[in-house]
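Participant: Below, each chain spelled out in residue letters.
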Amino acid sequence: MEIIVNGESKTITPMSVTAFLESVGIDPTRVAVELNLDILPKGEYKETTLREGDRLEIVHFVGGGGRP
Amino acid sequence: MEIIVNGESKTITPMSVTAFLESVGIDPTRVAVELNLDILPKGEYKETTLREGDRLEIVHFVGGGGRP
Amino acid sequence: MEIIVNGESKTITPMSVTAFLESVGIDPTRVAVELNLDILPKGEYKETTLREGDRLEIVHFVGGGGRP
Amino acid sequence: MEIIVNGESKTITPMSVTAFLESVGIDPTRVAVELNLDILPKGEYKETTLREGDRLEIVHFVGGGGRP
Amino acid sequence: MSANDKLVIAGRSFTSRLMVGTGKYADFPQMVQAIELSGAEIVTVAVRRVNISDRSKESLLDHLDTKKYTLLPNTAGCYTADDAVRTCRLAREAGLSDFVKLEVLGDEKTLFPDNEELLKAATILVKEGFTVLPYTTDDPIVCKKLEDIGCAAVMPLGAPIGSGLGIRNPYNIRIILDTVKVPVIVDAGVGTASDAAIAMELGCDGVLMNTGIAGARDPLAMAEAMNLAVRAGRLAYRAGRIPKKLYATASSPVEGMIE
Amino acid sequence: MSANDKLVIAGRSFTSRLMVGTGKYADFPQMVQAIELSGAEIVTVAVRRVNISDRSKESLLDHLDTKKYTLLPNTAGCYTADDAVRTCRLAREAGLSDFVKLEVLGDEKTLFPDNEELLKAATILVKEGFTVLPYTTDDPIVCKKLEDIGCAAVMPLGAPIGSGLGIRNPYNIRIILDTVKVPVIVDAGVGTASDAAIAMELGCDGVLMNTGIAGARDPLAMAEAMNLAVRAGRLAYRAGRIPKKLYATASSPVEGMIE
Amino acid sequence: MSANDKLVIAGRSFTSRLMVGTGKYADFPQMVQAIELSGAEIVTVAVRRVNISDRSKESLLDHLDTKKYTLLPNTAGCYTADDAVRTCRLAREAGLSDFVKLEVLGDEKTLFPDNEELLKAATILVKEGFTVLPYTTDDPIVCKKLEDIGCAAVMPLGAPIGSGLGIRNPYNIRIILDTVKVPVIVDAGVGTASDAAIAMELGCDGVLMNTGIAGARDPLAMAEAMNLAVRAGRLAYRAGRIPKKLYATASSPVEGMIE
Amino acid sequence: MSANDKLVIAGRSFTSRLMVGTGKYADFPQMVQAIELSGAEIVTVAVRRVNISDRSKESLLDHLDTKKYTLLPNTAGCYTADDAVRTCRLAREAGLSDFVKLEVLGDEKTLFPDNEELLKAATILVKEGFTVLPYTTDDPIVCKKLEDIGCAAVMPLGAPIGSGLGIRNPYNIRIILDTVKVPVIVDAGVGTASDAAIAMELGCDGVLMNTGIAGARDPLAMAEAMNLAVRAGRLAYRAGRIPKKLYATASSPVEGMIE
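Chains as they are written, first to last, in the numbering used here: chain A, -9 to 58; chain B, -9 to 58; chain C, -9 to 58; chain D, -9 to 58; chain E, 13 to 271; chain F, 13 to 271; chain G, 13 to 271; chain H, 13 to 271.
Isolated chain A (complex conformation) (with noise of 0.2 Å):
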């Protein structure tokens, strides 16, 4: 099935979002997750099969923003 990860199609097996971050090797503890707009408290990522035409947003903290 296909979903769409920080802008990008996937093309992945029905999973949990946790099954889903080791598959790519992200450390779920160093970011946070946005499941169709939503906030995806890490509290459910196990429980969370993601389905056909998800919209999964991934970030995590980088240098930056700060004011000369």
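Heads up, some of the hints might be wrong.
[Unchecked claim] Cβ pair distances, simulated, as ranges:
| no. | chain 1 | residue 1 | chain 2 | residue 2 | range |
| --- | --- | --- | --- | --- | --- |
| 1 | G | Asp66 | A | Lys32 | 22 to 28 Å |
| 2 | D | Leu27 | H | Glu120 | 21 to 27 Å |
| 3 | C | Glu34 | F | Lys193 | 35 to 41 Å |
| 4 | C | Glu34 | H | Glu120 | 17 to 23 Å |
| 5 | D | Leu27 | C | Ser(-1) | 38 to 44 Å |
| 6 | C | Pro18 | F | His75 | 44 to 50 Å |
| 7 | F | Pro41 | C | Ser6 | 33 to 39 Å |
[What the hints assert, rightly or not] Derived lysine-lysine pairs resembling BS3-like cross-links, with alpha carbons at most 27 Å apart:
| no. | chain 1 | residue 1 | chain 2 | residue 2 |
| --- | --- | --- | --- | --- |
| 8 | A | Lys0 | A | Lys36 |
| 9 | E | Lys256 | H | Lys156 |
| 10 | F | Lys121 | C | Lys32 |
If you are wondering where the hints come from, they were derived from the structure by calculation, not from laboratory data.
Predicted model, so just to flag it, every value in this text is computed and none were measured.
Cβ coordinates follow ideal geometry from the N, Cα and C atoms, glycine included.
Guided by the hints, dock chains B, C, D, E, F, G and H onto chain A, whose structure is given.
Facilitator: Just chains B, C, D, E, F, G and H now, kept in the frame of chain A:
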């Protein structure tokens, strides 16, 4: 009857706005009139008769409001 | 004979300062003349005869020297 | 006899500069002495005897003179 | 050269780039003389209730020749968009034109504008066909929004009203000049002639002031000073000043130095 | 009011408080027009050797009406008291008056004055009956010494010659104004109209400039700008500006606000 | 004395009054060293999409000790209230605290804040329990509104982001300090150490910077300089500086001068 | 980095670039503590007559550890070259070194230096083997002459003594830095920490102050502030600040913005 003119109540006999302005010695061409919060066009002064409880605002230009 | 005029040597026949100025086409009223480092008053141009080795400075006003 | 010390006249018996400094309780190592407008080197305090009319300037360091 | 250098606001053109207020003068004759000496063509006036009980007081319009001057009613003293809009509607009815100097103050102490309310009021007034000249802060983003709304000019403050501090932040004024296409008129802060000249040298299209003139020890002399200063600053802006350098070179020819 | 507000130097009075130089113009006609537009009455000129070999060049005096303008010969380019004194003597002989703008430069790079040499030259020239207008730094002590020597005015720099940096240190200028009684004329540094206005607002008696005008993209427009700016600054100084405050108060009457 | 002089934001107290960004460094080790030398306890970070395809890149959190530093996620790059709010929610989920540095930009060129959108976003975020530190202009009215909304501090710019122009308008900053009770932190504009000292001497509670340090030729030396400067400025503010005077008096006793 | 960044004067090197005076303190203990907190290694002292009649007064040297601090006797209060030279000779005899801070004042009101007398005194003292540190104006020509005479440093004022006006003319200081090779130490005018930082950021080699610290409400806090500020300014100067720009660019990466 009673009307409110510029915040102060005044006792008058029923009359047109034109008549009222004359009665208080105001040149209609030099002012603007608001009747119950709506602008009263100069053209309507004559046929507009004041009613009990009407709120009149009569304003003109004064020095001020420029900025240093 | 030789004289030095504004730093350059010039060969002339003995003559007065007035004559010399005319010979080089200078209007005496527009300049000041220094003869051997001393100011030569305009009144003395006529009777002053140039001698071998005399140093003449002839200056005038030019644009400049104001400050922005 | 009379001498002038820092602008004030003082009556003393003939004595050396060292003796005088002791008499007024001044530590020689902490001051500089000018005798009749000439610097008196510390080494000469002992053998220098004060004479009638001598002008002594005795100075030391005080707080001040820095600039904000 | 100034002949063809007009200030154009909403299609109307003016020769003078100085606009003046009518407040704080000793009396009407002094006000009239000062305005005359300032050379201003646009004069701001406030809108206030007629005093019904005492009609003795003369009216401003007995003194100001409305053929000669363009009256610019202002909303001085309004603290909400609603008050300002209402005042503008009254002003249009009392006056002859659609021009209004829109100000919505945020605080009685500093008289800084409340840009949030200002934007609301400007939106309504432009829709109602007013020619809106808004008094605002030296904020390029707000100025751009005012232009996009359809204001005929933007009037950023140089410094707080009546402060006489001049153009506190010429950098922001320059950014505003780079950002909007409508005329930029410095409103508030001018304390002396050089302040007005500096505003014009930055490239502003005009300057509006009141206290700077009316509050001076000699308002008439200051009115004339401001008149000259605005023209001087405009001319200097157009003339193209010399660059600033840490040192420079003599303006005298070096050749021919006596030895 | 300016009618009776004259600049008086050594007993001679002038209506204009702007003095201009004659260097750096494209040609004589441009120079003449610029001087005309500046309104200046005192014009500084340099003293140089006549070119004997080539007499084709026109003379400055073919263009400057000496009935209309007071020529102020300067010692630009002199680096010692002796050179400056010698130049002044020649200038007096070449010209018609005792007025000289005395400058003794300390360094070709910055063109800062050498005050030590300046004081020597001024002492000699005053003794010889010259009316000495010395170009100096913004140093109150040197200015006081120049006054005590008998100079007719002091001309502190606003900034280095040709720098266009304006009045870099108004504090020193103010102290000089408190210190000397002779006229204080800012000489050097003025880059644009507001600089000239600021000098006058400080209380200076005049301003002298050359590059500020001649070096502008449009010298004629800048000459007019400087003319207006000096008058604006003088008027503002005499008018008595409003005090500066962090905030201020509205210039509109508060009574009678609509509710 | 600094011992008991803490910066308190939303009940949390900090010893350092300098906050730093994490952008523009050559590499993570340089960033970490610079932050260390700056003495900052609060560090701003941006929120961005994880790069799914390439996981090689190290994460910021591999380098920043979150026990030692308080991370302050920012909404840099957001141009609408909605984007900013959404970014803050993600930041809270990704991080550990409710602190957010809220910025809503009005324009890509100048990076000035859009205060209208900022006020909308702040209102929503405060309701959702965020501790909001908003980046805004030096506008006292907006700062007061942000305080009234419930922001934990206000962060007016000293000058445009990355401009290095310092505190362009100290007058407005002073008015803001008179107007709000929450901490005032200058954010943006600091180019060198004295800029930071000046901000603190005005009475500001802190300074936030990034480019000023990261963009310097030697970021580590500048980080140390800013650390010292902020402490110097704060100490000077508390020490109570001498008044400014046109002249003054010698600091040496006059009695006992040698003759 | 500061480790190897020494101030070298006449072959002697110092770690601190701050020099302080000893006047105007409440009492000796406060003076000693302030000097300690300032981190200064060079301390200026005045030379005065011993009070013969009343020997009760403690001596400065009872409090200042001359092993720890280099005493720099000054000629404060001298108005002629002769007085200054005489005072220096006495100072050398009273003290241990050839270092003297030479000042010859021109006027009791402003305390500006008299450079003409200063140059005379400096010439004599250098011949007599003194290490001369002259207090002068911000005049590049005089500074060059002082260097040529053989002075070990030049100490231009930032502003009049005790004025607290800071560096009034940074342009002149920069020109002086371009003109001389000996250390340039700003002496006089510093009123608060940022003033000291600015002096160092200009590239000056050091700063000397007294009233700025001693006159503060809390001299100890200000002493520490100045200590930090001088180090901050020096570090910033060496770090190489970011350029100033009218606008700038965000310090956050644009790629990866959430949509």
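Participant: Now look at each hint and say whether the structure bears it out.
Facilitator: Cross-check of the supplied hints:
no., hint, verdict
1, Asp66(G) x Lys32(A): 22 to 28 Å, "24 Å, holds"
2, Leu27(D) x Glu120(H): 21 to 27 Å, "25 Å, holds"
3, Glu34(C) x Lys193(F): 35 to 41 Å, "40 Å, holds"
4, Glu34(C) x Glu120(H): 17 to 23 Å, "52 Å, violated"
5, Leu27(D) x Ser(-1)(C): 38 to 44 Å, "58 Å, violated"
6, Pro18(C) x His75(F): 44 to 50 Å, "19 Å, violated"
7, Pro41(F) x Ser6(C): 33 to 39 Å, "37 Å, holds"
8, Lys0(A) x Lys36(A), "20 Å, holds"
9, Lys256(E) x Lys156(H), "24 Å, holds"
10, Lys121(F) x Lys32(C), "37 Å, violated"
Violated hints for the displayed structure, listed by number in ascending order: 4, 5, 6, 10.
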